[in-house]
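Peer 1: So the sequences go chain by chain: A and B.
So this note's numbering is basically just the index in the first sequence, starting at one, shifted up by 14.
So this note's numbering is basically just the index in the second sequence, starting at one, shifted up by 347.
There may be inaccurate statements among the hints.
Derived coverage of chain A by chain B (criterion: at least 3 residues anywhere in the stretch with Cβ under 8 Å from a Cβ of chain B; other residues may be distant) [as the list claims (entries may be wrong)]:
#1 78–92
#2 143–151
#3 213–219
#4 271–285
#5 328–336
Facing chain A, from chain B, some residues (calculated, C-beta under 10 Å) [unchecked claim]:
#6 369
#7 371
#8 379
#9 449
#10 465
#11 538
#12 567
#13 605
#14 632
Quick list of the computed label-pair ranges, beta carbon to beta carbon [claimed, not checked]:
#15 B:373 x A:391: 28 to 36 Å
#16 A:112 x B:610: 20 to 28 Å
#17 A:169 x B:424: 51 to 59 Å
#18 A:258 x B:370: 25 to 33 Å
#19 B:424 x A:411: 45 to 53 Å
Keep in mind the hints are simulated off the structure, nothing from the lab.
Glycine included, each C-beta is placed from N, C-alpha and C at the ideal position.
Now for the letters of each chain:
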Amino acid sequence: MNIHEYQAKQLLARHGVAVPAGEPCKTVDEARAVAERLLAAGHPTLVIKSQIHAGGRGKGTFKHGFQGGVKLARSLEEAVHIADNMLGKTLVTKQTGPDGRVVQTILVAAAETIVREFYLAVLLDRATSRPLIMASTEGGMDIEEVAAHSPEKIVREHIDPAVGLMPYQARKIASALGLKGDLFNQACKLVTAVYKASWECDASLVEINPLCIVEGPGGKQAIVAVDAKIGLDDNALFRHADIVAMRDLAEESPLEVEASKHALNYIKLDGNIACLVNGAGLAMATMDIIKHFGGDPANFLDVGGGASKDQVCAAFRIILSDPSVKGVLVNIFGGIMDCNVIATGIVEAVRETGLSIPLVVRLEGNNVQAGKKTLAESGLTITSGDSMADAAQKVVKAVRAV
Amino acid sequence: MAILITPQTKLLIQGITGSFGARHAQLSLAYGTQVVAGVTPGKGGQLFEGQVPIFDTVAEAARQTGATASAIFVPPPFAADAILEAVDAGIELVVCITEGIPVNDMVKVKRAMQGSRTRLIGPNCPGLVTPGEGANSHGGCRIGIAPGYIHKKGHVGVVSRSGTLTYEAVWQLTCRGVGQSTCVGIGGDPVNGTSHLDVIKLFMADPDTHGIIMIGEIGGSAEEEAAEWIARYGTKPVAGFIAGATAPPGRRMGHAGAIVSGGKGTAQAKIDAFRKAGIGVAATPSEMADTLLRMM
């Protein structure tokens with residue numbers, strides 16, 4: 015699960031990480047009140063940031079022509095003008111696709127005077143099965159580019175989960191970032207707090223880019239998380255009711271939200287051949303084989319190992335609500351589950367949804383003969399595939415003919 | 348011979364009275380597997396299906412029945428505890444079927460298992476099968492949730508992160524009259540007990556395994572690691588398939604570990620590593636068995 019920047023900063027702040035003063039706002043009036051308060055508190059410049067789950071906000075454009083999803087404001091009037099042009103408007107960035115995202119929330123915050131930028135992240139290192147802290151002096155940049163061009167500028171510290179992050183490890187990181195004196199101590203504290211937040215929230219990724227040395231009004235320097243991104247481990251959400259409450263359904267594809275209600279694993283893609291498969295590996299492989307024979311998969315859909323008739327019906331409704339779908343491929347390896355139960359579910363779903371596009375079904379496994387008989391005797395136009403390759407070729411051909 | 352388990356392996360099942368665990372305990376019994384004990388805390392003293400004694404703790408079950416392998420079917424919040432209970436009881440092979448265990452729990456489990464002689468398979472895996480000699484491979488050892496009847500006793504080893512793709516490969520082999528030594532599902536999570544490479548090494552050392560099918564998917568670099576070792580030390584033909592070439596980057600494809608992140612873990616990188624190591628790459632999942640058989 016992903017959360018918004020302002021939510022990530024709330025979680026970090028709760029664990030003692032310094033973040034710029036600011037508040038999320040859902041209306042222009044709220045934005046005016048927050049801006050007024052921040053200006054009165056002595057922050058000369060404010061930053062107004064669109065809150066969507068996509069990168070590239072700063073360089074994005076709103077559909078009504080307003081430029082930039084992240085803007086600076088030096089007066090109350092300017093802040094209100096910007097808020098008015100962001101809230102409820104659609105922002106298109108390189109990551110949102112041409113449809114863009116409607117900005118429901120903006121973050122109104124103090125714009126810091128940035129002296130230097132760093133990169134800091136906590137993630138899982140799969141090779142060692144341990145958490146890994148990555149830090150770099152190259153802040154504000156794409157870390158993959160830094161890794162490709164100047165890998166020596168990235169420091170890595172693996173964490174032993176039996177003892178957690180040790181203070182010396184935080185000191186190694188602060189030292190590698192070239193910090194001295196008070197800033198060194200601040201950085202140690204911040205790295206420790208970020209790791210604690212990551213572990214205690216069961217985050218799959220915490221990324222602070224940039225982490226900044228900022229200068230206050232009196233010239234005093236401090237280390238602050240100016241931007242933050244947190245991804246959560248879905249498997250651990252059961253023990254984080256507070257984080258589950260942060261889920262923003264408006265940021266997720268409506269079909270994916272609907273699928274999750276039926277315990278179906280659905281991911282929408284750009285093609286026109288829908289697939290319905292049991293098992294994640296087989297579902298991926300089905301997409302691959304469609305592509306191999308010249309088609310384009312419209313989705314990933316894993317109905318799981320013990321799919322019920324109701325789930326199959328729900329799955330059909332979901333894949334058919336994608337208007338670009340021109341054909342359907344069902345690929346079931348019924349190892350334990352009875353192929354005839356699946357076949358009955360398919361027939362029912364086809365009747366219920368009034369399916370009018372080509373449907374190719376490949377059934378294999380337990381009680382497969384009865385399943386094939388159910389399909390054949392249904393009186394419905396269902397093409398049977400003998401193997402995955404046969405089924406994929408048939409659906410690709412059928413969709414081409416439409 | 349086979350790897351990890353034989354028809355003589357004595358199995359206990361943690362979570363034998365839950366609906367999922369009970370169903371698959373029945374199927375393992377029907378397959379002829381030596382299911383000697385069940386563990387459900389609070390139900391010690393009862394019998395499962397009128398024949399398998401249930402114990403409150405794994406330690407007691409192992410002591411009284413001599414079980415050396417355990418299958419875990421407990422819900423995700425309790426799975427880490429169940430794994431470490433089996434490790435503590437000295438179980439040699441622990442197979443965790445449970446899907447949905449928090450990553451941090453598995454990070455702690457792996458750390459706690461350091462230096463232990465227990466091997467963990469999974470989590471989020473279909474388990475293992477060493478086929479038997481009877482009809483539909485009856486009489487073999489089935490630990491987990493794989494359909495027993497699709498197997499056939501023979502000499503091909505199968506290792507995979509995905510359940511249904513394993514069944515697909517096994518079925519292709521069986522339909523061509525080719526049997527399997529052992530089939531191992533290592534699971535789809537980012538942190539697991541046994542890697543592709545661990546299983547490949549066992550297959551290479553097993554005189555009864557003459558060829559190997561290795562099925563991988565996007566995410567991580569375990570397939571590349573195995574390929575590199577095979578290039579150097581491999582002595583038997585290996586064919587493979589990598590799922591997820593069409594998966595969009597940054598999305599988790601069903602399995603928690605199946606994700607391309609930061610340009611790492613792509614299907615192409617894994618396929619390239621396979622080719623470089625002389626592993627036969629099946630162009631489609633329909634050709635996994637044929638690709639291996641052409642090499643044998």
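Peer 1: List, from low to high, the hint numbers that the structure doesn't satisfy.
Peer 2: 1, 5, 6, 8, 10, 17
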